[in-house]
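From just these sequences and the hints, can you work out the full model?
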Amino acid sequence: LAKTTQPISMDSYEGQEVNITCSHNNIATNDYITWYQQFPSQGPRFIIQGYKTKVTNEVASLFIPADRKSSTLSLPRVSLSDTAVYYCLVGPTDSWGKLQFGAGTQVVVTP
Amino acid sequence: KAGVTQTPRYLIKTRGQQVTLSCSPISGHRSVSWYQQTPGQGLQFLFEYFSETQRNKGNFPGRFSGRQFSNSRSEMNVSTLELGDSALYLCASSSQGDYEQYFGPGTRLTVT
Numbered sequence: 001l002a003k004t005t006q007p008i009s010m011d012s013y014e015g016q017e018v019n020i021t022c023s024h025n026n027i028a029t030n031d032y033i034t035w036y037q038q039f040p041s042q043g044p045r046f047i048i049q050g051y052k053t054k055v056t057n058e059v060a061s062l063f064i065p066a067d068r069k070s071s072t073l074s075l076p077r078v079s080l081s082d083t084a085v086y087y088c089l090v091g092p093t094d095s096w097g098k099l100q101f102g103a104g105t106q107v108v109v110t111p
Numbered sequence: 001k002a003g004v005t006q007t008p009r010y011l012i013k014t015r016g017q018q019v020t021l022s023c024s025p026i027s028g029h030r031s032v033s034w035y036q037q038t039p040g041q042g043l044q045f046l047f048e049y050f051s052e053t054q055r056n057k058g059n060f061p062g063r064f065s066g067r068q069f070s071n072s073r074s075e076m077n078v079s080t081l082e083l084g085d086s087a088l089y090l091c092a093s094s095s096q097g098d099y100e101q102y103f104g105p106g107t108r109l110t111v112t
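Chains as they are written, first to last, in the numbering used here: chain A, 1 to 111; chain B, 1 to 112.
Source of the hints: derived by calculation from the structure; they are not laboratory data. It should be emphasised that the depicted structure is a prediction, and the values quoted were computed from it without experimental measurement. Just so you know, even glycine gets a beta-carbon here, dropped at the ideal spot from N, CA and C. Among these hints, one or two may not hold up.
To be verified - Derived coverage of chain B by chain A (criterion: at least 3 residues anywhere in the stretch with Cβ under 8 Å from a Cβ of chain A; other residues may be distant):
| no. | segment |
| --- | --- |
| 1 | 33-43 |
| 2 | 50-56 |
| 3 | 78-89 |
Claimed, not checked - Taking lysine-lysine pairs in the DSS-like style, the calculated list, with each CA pair at most 25 Å apart, reads:
| no. | chain 1 | residue 1 | chain 2 | residue 2 |
| --- | --- | --- | --- | --- |
| 4 | A | K3 | A | K52 |
| 5 | A | K52 | A | K69 |
| 6 | A | K69 | A | K54 |
| 7 | A | K69 | A | K98 |
| 8 | B | K57 | A | K98 |
| 9 | B | K57 | A | K3 |
Below is the structure:
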């Protein structure tokens with residue numbers, strides 16, 4: 001599984017856009033990029049997944065450059081409730097149930 | 001559709017005892033994965049069951065075991081508990097064991 005590197009923490013104010021970049025230099029051809037969100041004392045929640053270019057849903061956007069060695073999760077107009085840990089995961093979709101989580105990025109949103 | 005449920009939510013055990021945790025996946029999901037989360041080690045994969053068979057296993061000692069029933073419900077057992085087993089145990093379900101998994105609220109296990 002490709003190793004990922006993401007910032008330990010990020011601070012933001014309400015209403016701003018938050019961009020979290022994840023590096024995955026050793027990504028394999030059949031690997032996808034997936035992001036999860038976790039609030040304290042809760043299980044992680046799937047946010048978004050992509051393979052290349054840009055993916056957008058009602059929660060976030062995922063930008064993946066052509067070389068796929070990094071990706072950026074974009075959270076538009078964050079609110080206090082977006083304070084959480086965000087994990088970037090890279091691996092094949094046929095992972096046989098195994099998700100490999102790194103340390104994640106603690107995002108703190110303040111008024 | 002009901003989410004993933006885990007029971008019990010909280011548990012306190014004594015070192016040396018054993019414990020069984022239960023997980024009910026989302027209806028129709030055949031894959032159940034288990035994870036351990038601690039402040040020091042983060043989220044670590046324990047094992048995955050698919051159609052009653054263990055398909056994948058993480059790097060945990062044999063004291064950690066599990067099983068899955070024909071209705072996809074899963075149990076995890078930890079024998080001879082150690083203080084270091086204190087953690088949040090999470091289960092997640094998915095249709096095929098893919099990257100879009102749905103996590104339960106977890107069971108908080110405290111070993112004293």
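Right, here's what the structure says about each hint:
1. 33-43: holds (count 4)
2. 50-56: Coverage by chain A holds here, the residue count being 3 at a Cβ distance below 8 Å.
3. 78-89: violated (count 1)
4. A/K3 - A/K52: OK: A/K3 and A/K52 at ~18 Å, within 25 Å.
5. A/K52 - A/K69: Measuring from Cα to Cα gives roughly 10 Å; hence the hint holds.
6. A/K69 - A/K54: Distance ~14 Å between A/K69 and A/K54 Cα, so the pair holds.
7. A/K69 - A/K98: Answer holds: A/K69 to A/K98 is near 21 Å, not above 25 Å.
8. B/K57 - A/K98: Holds. B/K57 to A/K98 sits at ~8 Å (cutoff 25 Å).
9. B/K57 - A/K3: holds (19 Å)
Violation of the numbered hints given earlier is confined to hint 3; every other hint is satisfied by the structure.
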